[in-house]
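Q: Single-letter residue listing:
2 protein chains.
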Amino acid sequence: MSLKYLHTMVRVTDIDASLDFYCNKLGLEEVHRIDAETGRFTLVFLSAPGDPHAQIELTHNWDPKTYEGGRNFGHLAYQVDDIYAACQRLIDGGVTIHRPPRDGRMAFVRSPDEISVELLQVGDALPPKEPWASMPNVGMW
Amino acid sequence: MSLKYLHTMVRVTDIDASLDFYCNKLGLEEVHRIDAETGRFTLVFLSAPGDPHAQIELTHNWDPKTYEGGRNFGHLAYQVDDIYAACQRLIDGGVTIHRPPRDGRMAFVRSPDEISVELLQVGDALPPKEPWASMPNVGMW
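Protein sequence lines correspond, in order, to chains A and B.
The numbering of the first sequence is my numbering, which starts it at 3 and goes up by one.
The numbering of the second sequence is my numbering, which starts it at 3 and goes up by one.
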């Protein structure tokens, strides 16, 4: 039997804030969008550039709702080629680095709806470097 | 800047029950496992056969915990080549089909830790067929 991963769906309260986080700050690209007038929701499919087959689906219900987190879901993980540059771009965009890459290898941030996102350095860890090496954890991730 | 999707992490209370669901019943394969004695946790990486670059990471903490769900996470979605066969295999394994594929196109089930999993028929919907066409929804998904 054939089986293929399509996407992980997350619900978002503010589609503009979510696209700003996932696209402008994290680096994903919008690949497809569906506006469902009757159901009053919008679906936006995002993927890493050049990797359209593994996507995040953002579901935005037009009628305001808030979405709490739960512990059965952990995080979305992405590999980056320079974890310091990726974290700097997030910081410049006002995103809190909950788990800074003190080890040159791993960092955690959260989306506007508290979805935890892990960043992992491709290959070997980068050499430890300030300000990252002495940057404290912030809250949970 | 390069960015690549690695995995979606979910926490599991019972690793055997989870592997039975994700592998035996859903059809994923174990590709990698890490037993961390010091941290007292096990990580198991699963992927669809032939698609090792999009994975689920199961995190199992050895000290018992329970993990509630939250609404900011929606579901994991997989494409299947025969949605009726996929659902039959899940039913045969004792899994509740929360949203049966009445339309020959879409179904939802839940993992032992209540992670919602969407199954989508590849290509066009299959022709409606009993017992699926008249099977009622069960709870939430």
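Keep in mind the hints are simulated off the structure, nothing from the lab.
What you are looking at is a predicted structure, and each value in this text was computed from that prediction instead of being measured.
Treat the hints with care, since some could be wrong.
A pair holds if it fits inside one copy or across any two, identical chains being indistinguishable in the list.
[What the hints assert, rightly or not] Below, computed lysine to any residue pairings styled on SDA-like, alpha-carbon distance capped at 20 Å: (1) K6 with P138; (2) K67 with D83; (3) K27 with S4; (4) K67 with V124; (5) K131 with A87; (6) K6 with N139; (7) K27 with P51; (8) K6 with F110; (9) K6 with G125; (10) K67 with G96; (11) K6 with L122; (12) K6 with G29; (13) K67 with A19; (14) K27 with F43; (15) K67 with T98; (16) K6 with G106; (17) K6 with P130; (18) K27 with E59; (19) K6 with D22; (20) K6 with G52; (21) K6 with P54; (22) K67 with T44.
Q: Indicate, hint by hint, whether the structure satisfies it.
A: Consistency of the hints with the structure:
In this assembly of identical chains, the alpha carbons of K6 and P138 never lie at most 20 Å apart, being 39 Å within a copy and 26 Å across copies at closest. In this assembly of identical chains, K67 and D83 lie within 20 Å of each other by CA distance neither inside one copy nor across copies; the values are 36 Å within and 35 Å between. In the homo-oligomer, the alpha carbons of K27 and S4 lie at most 20 Å apart only across protomers (13 Å), although the nearest pairing inside one protomer, at 35 Å, exceeds that limit. In this assembly of identical chains, K67 and V124 lie within 20 Å of each other by CA distance neither inside one copy nor across copies; the values are 37 Å within and 31 Å between.
In this assembly of identical chains, K131 and A87 lie within 20 Å of each other by CA distance solely inside one copy; the values are 12 Å within and 53 Å between copies. With identical chains, the CA atoms of K6 and N139 are never at most 20 Å apart, being 36 Å at best within one copy and 24 Å at best between copies. For a Cα distance limit of 20 Å, the shortest separation of K27 from P51 inside one copy, 14 Å, qualifies, whereas the shortest one across copies, 32 Å, does not. For the identical chains of this complex, K6 and F110 are inter-copy neighbours only, at 15 Å across copies versus 27 Å inside a copy, given an alpha-carbon limit of 20 Å.
In this homomeric assembly, K6 and G125 come within 20 Å of each other (Cα to Cα) only across copies, at 13 Å, whereas the closest approach inside a single copy is 26 Å. In the homo-oligomer, the alpha carbons of K67 and G96 never lie at most 20 Å apart, since the shortest distance is 24 Å inside one protomer and 34 Å across protomers. In this homomeric assembly, K6 and L122 come within 20 Å of each other (Cα to Cα) only across copies, at 10 Å, whereas the closest approach inside a single copy is 24 Å. Taking CA atoms no more than 20 Å apart as the test, K6 paired with G29 passes between copies only; the shortest distance there is 10 Å, against 24 Å inside one copy.
Taking the shortest Cα distances, K67 and A19 sit within 20 Å of each other inside one copy (15 Å), while across copies they are farther apart (33 Å). For the identical chains of this complex, K27 and F43 are neighbours neither inside a copy (24 Å) nor across copies (32 Å), given an alpha-carbon limit of 20 Å. For the identical chains of this complex, K67 and T98 are neighbours neither inside a copy (24 Å) nor across copies (28 Å), given an alpha-carbon limit of 20 Å. Taking identical chains as interchangeable, the C-alpha atoms of K6 and G106 lie at most 20 Å apart only when they sit on different chains, with a minimum of 17 Å there against 32 Å within one chain.
Neither within a single protomer nor between protomers do K6 and P130 lie at most 20 Å apart by alpha-carbon distance, with minima of 38 Å and 23 Å respectively. In the homo-oligomer, the alpha carbons of K27 and E59 lie at most 20 Å apart inside one protomer (17 Å), although the nearest pairing across protomers, at 24 Å, exceeds that limit. Taking the closest pair of Cα atoms, K6 and D22 come within 20 Å of each other only across two copies (18 Å); inside a single copy the shortest separation is 28 Å, beyond that limit. For a Cα distance limit of 20 Å, the shortest separation of K6 from G52 qualifies both inside one copy, at 18 Å, and across copies, at 9 Å.
Proximity of K6 to P54 under the C-alpha cut-off of 20 Å is found in both arrangements, the shortest distances being 13 Å within a copy and 10 Å between copies. For the identical chains of this complex, K67 and T44 are intra-copy neighbours only, at 14 Å inside a copy versus 35 Å across copies, given an alpha-carbon limit of 20 Å.
In summary, the numbered hints that this structure violates are 1, 2, 4, 6, 10, 14, 15 and 17.
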